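Student: Guided by the hints, dock chain B onto chain A, whose structure is given.
From first to last, the protein sequence lines are chains A and B.
Numbering-wise (this note's numbering), the first sequence opens with residue 1 and increments by one.
Numbering-wise (this note's numbering), the second sequence opens with residue 1 and increments by one.
Keep in mind the hints are simulated off the structure, nothing from the lab.
Since the structure is predicted, the reported quantities are computational estimates derived from the model, not experimental observations.
Check each hint, because a few of them may be wrong.
Taking CB as the label site, the calculated pair distances span [stated by the list, open to error]: (1) Asn207/B - Gly56/A: 42 to 52 Å; (2) Asp57/A - Gly134/B: 22 to 32 Å; (3) Ser132/B - Asp57/A: 17 to 27 Å; (4) Arg30/A - Leu61/B: 18 to 28 Å; (5) Arg30/A - Glu43/B: 27 to 37 Å; (6) Asp57/A - Ala13/B: 12 to 22 Å; (7) Asp57/A - Leu61/B: 25 to 35 Å; (8) Asn207/B - Thr18/A: 30 to 40 Å; (9) Thr18/A - Gly87/B: 25 to 35 Å; (10) Arg30/A - Ser148/B: 43 to 53 Å; (11) Val49/A - Thr347/B: 58 to 68 Å; (12) Arg30/A - Asp89/B: 48 to 58 Å; (13) Leu61/B - Val49/A: 28 to 38 Å; (14) Val49/A - Ile361/B: 48 to 58 Å.
Example chain B residues on the side facing chain A (calculated, C-beta under 7 Å, incomplete) [as the list claims (entries may be wrong)]: (15) Tyr117; (16) Leu119; (17) Val124; (18) Ser507.
We treat Cβ as the ideally placed atom computed from N, Cα and C, and that holds for glycine.
Here is what each chain is made of, one letter per residue.
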Amino acid sequence: MKNKSVEYELRLYVAGNTPRSITALNNLNRYCEEHLKGRYKIEVIDLLVTPQLAQGDQILAIPTLVRKVPEPIRKIIGDLSNEEKVLVGLDIKPLIKIA
Amino acid sequence: MNQKVVKRAGLKALLKSPTGITGLDQITQGGIPAGRPTLVCGETGCGKTLLSVEFLIRGALEFNEPGVLMAFEEKAEELAVNVASLGFDLEKLQKQNKIKVDYVHIDRTEIQETGEYDLGGIFVRLGHAIDSIGAKRVVLDTIENIFSGLSDQRILRSELRRLFQWLKDKNVTAIITGEKGEGTLTRQGLEEYVSDCVILLDHRIENQISTRRLRVVKYRGSIHGTNEYPFLIDEDGISVLPITSSKLDASVSTERVPTGIPTLDMMLGGQGFFRGSSILVSGTAGTGKTSIAASFANACCERNERCIFFSFEESPHQIIRNMRSIGMDLQAHINSGLLKFVASRPTLFGLEMHLVAIHKIINNFKPTTIILDPITNLVTMGSISEVKSMLIRLIDFLQSEQITVMFTALTLSTSTSEQTDEGVSSIVDAWVLVRDIESNGERNRGMYIMKSRGMKHSNQVREFVINDNGLSLVDVFLGPDGVLVGSAREAQELEEATGVALKSHASSRTDREIERKKFVLESKIASLKEEFESVKDELNKTQIEEQLRKEILEKNRAEMKRKRLDQTLVKPSADKKKNPNKKKK
Chain A
1 MKNKSVEYEL RLYVAGNTPR SITALNNLNR YCEEHLKGRY KIEVIDLLVT PQLAQGDQIL
61 AIPTLVRKVP EPIRKIIGDL SNEEKVLVGL DIKPLIKIA
Chain B
1 MNQKVVKRAG LKALLKSPTG ITGLDQITQG GIPAGRPTLV CGETGCGKTL LSVEFLIRGA
61 LEFNEPGVLM AFEEKAEELA VNVASLGFDL EKLQKQNKIK VDYVHIDRTE IQETGEYDLG
121 GIFVRLGHAI DSIGAKRVVL DTIENIFSGL SDQRILRSEL RRLFQWLKDK NVTAIITGEK
181 GEGTLTRQGL EEYVSDCVIL LDHRIENQIS TRRLRVVKYR GSIHGTNEYP FLIDEDGISV
241 LPITSSKLDA SVSTERVPTG IPTLDMMLGG QGFFRGSSIL VSGTAGTGKT SIAASFANAC
301 CERNERCIFF SFEESPHQII RNMRSIGMDL QAHINSGLLK FVASRPTLFG LEMHLVAIHK
361 IINNFKPTTI ILDPITNLVT MGSISEVKSM LIRLIDFLQS EQITVMFTAL TLSTSTSEQT
421 DEGVSSIVDA WVLVRDIESN GERNRGMYIM KSRGMKHSNQ VREFVINDNG LSLVDVFLGP
481 DGVLVGSARE AQELEEATGV ALKSHASSRT DREIERKKFV LESKIASLKE EFESVKDELN
541 KTQIEEQLRK EILEKNRAEM KRKRLDQTLV KPSADKKKNP NKKKK
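The shape of chain B in the complex, shown without the other chains:
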């Protein structure tokens, strides 16, 4: 398809010949240069022959380009057997004249050299093979073997140069394989002659685990991916993964997917996680991470969606048995084809291989949800940063495919639980933490949501209960002594109920007391009132007496006045009778 793009540009751009190998055409943006030789080099056992044979076979099958394989190492029959393990029928293709295999046998003991010679024999054989089936593709595997059979380096080098030029003139797309040498790409420096495109294969062992990697070292006249890409050889041939996506432009969904635990959904604003998001469930051993993951998978299958469960710890049967004990029938989903278990030991192959394998399985099964349980075990094969980069790439890929992923991660001790998790806690969209709450001689599970991007979520710690019916969350009890879980919670609940009864009793007593006090005080008030009345009376009495006395005095005085006046007029003796009173005043 890239060929079209190149043509459309109008300029005379490099024509490319698609290899048909998954991923390689993406890296090279369309394939290897058409009509030119490409060098594929690498150490022993890195897959050079396989890559080149696949190039031929795919060319014959998918692009209708017959090919010639000139083998300097393996006999035709051996090759046929070797590629048969990848599902290619080399013999049938040979019979159909789509592929021609020519085994070149070189045995130094049989050959004596004397005088000048050239490699005309190879030219003739190759030319004959190409012409007889109209080949467009040629593989020379591994032409360097000539150097072990023949001794005149000078002749060989000039002949190789001539051979590659001749291949160009023949306008065939050729792959030449070469063994990696010390400090050079190939032992005999073939890269000097084949300079259009060089692909380096690598087979590295780290921590006893091998990973194959591919790199396009050079591609004259074309843009190409320059990174090292891991590749996988399996029953479908080679798959290379150009996984490093530098863009952050994956589309997002606002659709929510329930978690299978209704109470957890409630904590997430009632609807669950976003579709296509990545969820991390971390916790210490035995906190129920796998159960959470399985219930997520179960919920997915119950919605009639496909799910893949990658298990790095337990076998599928184990998980199925264990989940049955909490009321989940995963076997039924497997039978209906909705659920697929992929169980492998993490040490089976390297991290990159896992990634490639996961990609392949996802591309074949097309799930909407995948589970990785647990990612912690992946660290056995690489450093945390490697695991992180692998997971980032995986999440990138899943996001672009709108696949929801749930990782589980084991945290080793509660004290560091917020830092481990393979460093992925920053890249996931949601992080659910399950932790042990140990108190009063028992362990209980507490769950909370550390983060959940883009949605309202509860900030509360919930107690996480696993019983026969599945998983659920209960509100933790906030007693006076802090958060209570498990039997302490139940005890506290009971105690609280008792407390309520006691309290109501106590309050009624207080009420009566108040009533009594009120009564007492009221009677006191009454008596004081009486007292006040009597005092008031007393006071009134004196006041009236005073008044009376005053009135009487006034009266008397007036009387006296009158009488005195009378006396002066009539009789002075009357005046004497009243005198003592008057003198006192």
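Okay, chain A solo, but in the shape it has when bound:
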């Protein structure tokens, strides 16, 4: 019920412009447009450029999507090809039901 006021802050960690990173980013953009239109922010972090940021968010795998807001922090790794899993992982499935 509070969902509408909550802004989603998402971070996608990648390492260079690999095909997998591009797929992940494309998938993410698509899901967000579909389910969170106007309520989200995506930040893409290239660890090849800023490796020191990997430690802070405990990044193991590439690509990793981190939901910073709302709490608690959630992580989804992989190219985000399974829409359902991504939505469950980001905890945005209930919204669809309401919709």
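Tutor: Relative to the frame of chain A, chain B by itself:
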């Protein structure tokens, strides 16, 4: 130092990176392979993390090689506290940029997997950490934890393979730790990927006592010790002992060390034991073994030499108090720093641990003499053969260091006294046996030297006396009924003295008797002589008479002849007068 040797060989031999861990570099002949990953595996709590952290810290402190620790299990702060107990200041090293700790947190509940991924994050973090301090050493502890956090085995395996190859390409010396699995060295079979050097740590419990052991399972391209080596974790970190010395080439000394009991020295050709030899003192309970040992230690300290007294039975204070009662002031030696007491219950840790601990203490204190009192208690932790092998190794080590060692051993009953002694009686150089001699309702101590290699020694049983002034040996008294000791000896001595008086009295009586007999016989001889004289006279008399008669007869006959002749010439009447005589003949 082994690196130098390898280089000198001219061939392109394996470069090694010294770990700085006591003993491990000896086993591996210089360290773990430089620029390659090494797998350290073992069960929980066997010291994997500690070994790898020590490798990093020693690398940073002693070999000027910065290191990166990627921890998958413990947080950086926890690690810092853990290694602080070993005297390492991890935080300070981190501030000095000598060590970088990166804690990798894996929580399955936080992570959702979808689609393809790789472990690029770890590569990036590791790469960043290595580059930021110019690390030469890397520890991944315990990377297998990834398997619990991520589910795609296929990806993980290929990524690990890539990671280890990447570490090689980075030319860092890495230690990867892994938990021991069922039937495999590690749960996830990491040994498949890390195949240059594998070190297995073990933590075994026997008779409720744990012993840590280390074994180099594999070392590609290098010779290494293959045995299991016990190791110890204490306030100085890990020490491994490559103690199995197969050679028998220790140098020997001809110098003698007195035992502190002058009369015992006398039994040993007057000078005592050889320096660097091993001496076993065995005996039943209460025969004074500890006193002998303490007096040996006391003598050592009085020569201004250092001595360590390992006590497995009594506390130092107890020994000091007890020895004071027989005139030995051990406290003074402790105060002057010559004597060190190390008292521990044998059950404190396993045999091997004792050995490691003894080694460490000896290396620090550098004594010339050590006492182990008693070795019998060590058997509580192991079989006799284990104790024997431990003592052999200890004696080997002591011999190479020219340290004289005295063991005491308790024999349980006199009937088996020649066989027990933890089976070490064959390996020691000298064996002094103290035993109870029970007779006439009292117990006395008898001491003899069963063996003493390379020196003349007495074969006699001596009575061993402990009094206010210390220890001494008295000759046992060989009475007509055998060996006498204690009050029986004193009684016999008295009796003997009485006997002497009696004997002298008796002999004087015999002398007089002889004198009398002589007198009697002499008088007999005199009377016989008289008798003989008279018989001789008698005989002479008859002989003379005979002679006379003969002479007279001859005379008469001649007279007759003459007269007859006259008669025929003058007068025949004269002839008639003499006739009767003539007719008789």
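Student: For each hint, tell me whether it holds in the structure or not.
Tutor: Here is how each hint holds up against the structure:
The beta-carbon spacing between Asn207/B and Gly56/A, approximately 50 Å, falls within the hinted interval of 42 to 52 Å. Separated by about 25 Å at the C-beta atoms, Asp57/A and Gly134/B satisfy the suggested range of 22 to 32 Å. A beta carbon spacing of about 18 Å between Ser132/B and Asp57/A agrees with the range 17 to 27 Å that was offered as a hint. Remark: the range hint 18 to 28 Å for Arg30/A to Leu61/B is contradicted by a beta-carbon distance near 54 Å.
Between Arg30/A and Glu43/B the CB atoms are about 48 Å apart, so this pair departs from the stated range of 27 to 37 Å. Between Asp57/A and Ala13/B the beta carbon distance is about 44 Å. The supplied range of 12 to 22 Å is therefore violated. Range check, Asp57/A to Leu61/B: about 32 Å between beta-carbon atoms, so the 25 to 35 Å window is met. In this structure, Asn207/B and Thr18/A break the distance hint of 30 to 40 Å, their C-beta atoms being roughly 58 Å apart.
Checked against the given bound of 25 to 35 Å, the beta carbons of Thr18/A and Gly87/B, roughly 46 Å apart, lie outside it. At about 32 Å, the beta-carbon gap between Arg30/A and Ser148/B misses the expected band of 43 to 53 Å. Between Val49/A and Thr347/B the C-beta distance comes to about 60 Å, which sits within the given range of 58 to 68 Å. Separated by about 52 Å at the C-beta atoms, Arg30/A and Asp89/B satisfy the suggested range of 48 to 58 Å.
Distance hint check: the CB atoms of Leu61/B and Val49/A are about 34 Å apart, consistent with the given range 28 to 38 Å. For Val49/A paired with Ile361/B, a C-beta distance near 55 Å keeps the hint of 48 to 58 Å intact. Contact between Tyr117/B and chain A, as hinted, is supported at the beta carbon level, the nearest pair being about 4 Å apart and thus within 7 Å. A distance limit of 7 Å between C-beta atoms decides the matter here; for Leu119/B the minimum to chain A is near 6 Å, and the interface restraint holds.
Because the smallest distance between the Cβ of Val124/B and any Cβ of chain A comes to about 4 Å, under 7 Å, the interface hint for this residue holds. Restraint check, Ser507/B versus chain A: the minimum CB separation of about 110 Å is more than 7 Å; hint violated.
Hints 4, 5, 6, 8, 9, 10, 18 from the list above are not met by this structure, while the remaining hints are.
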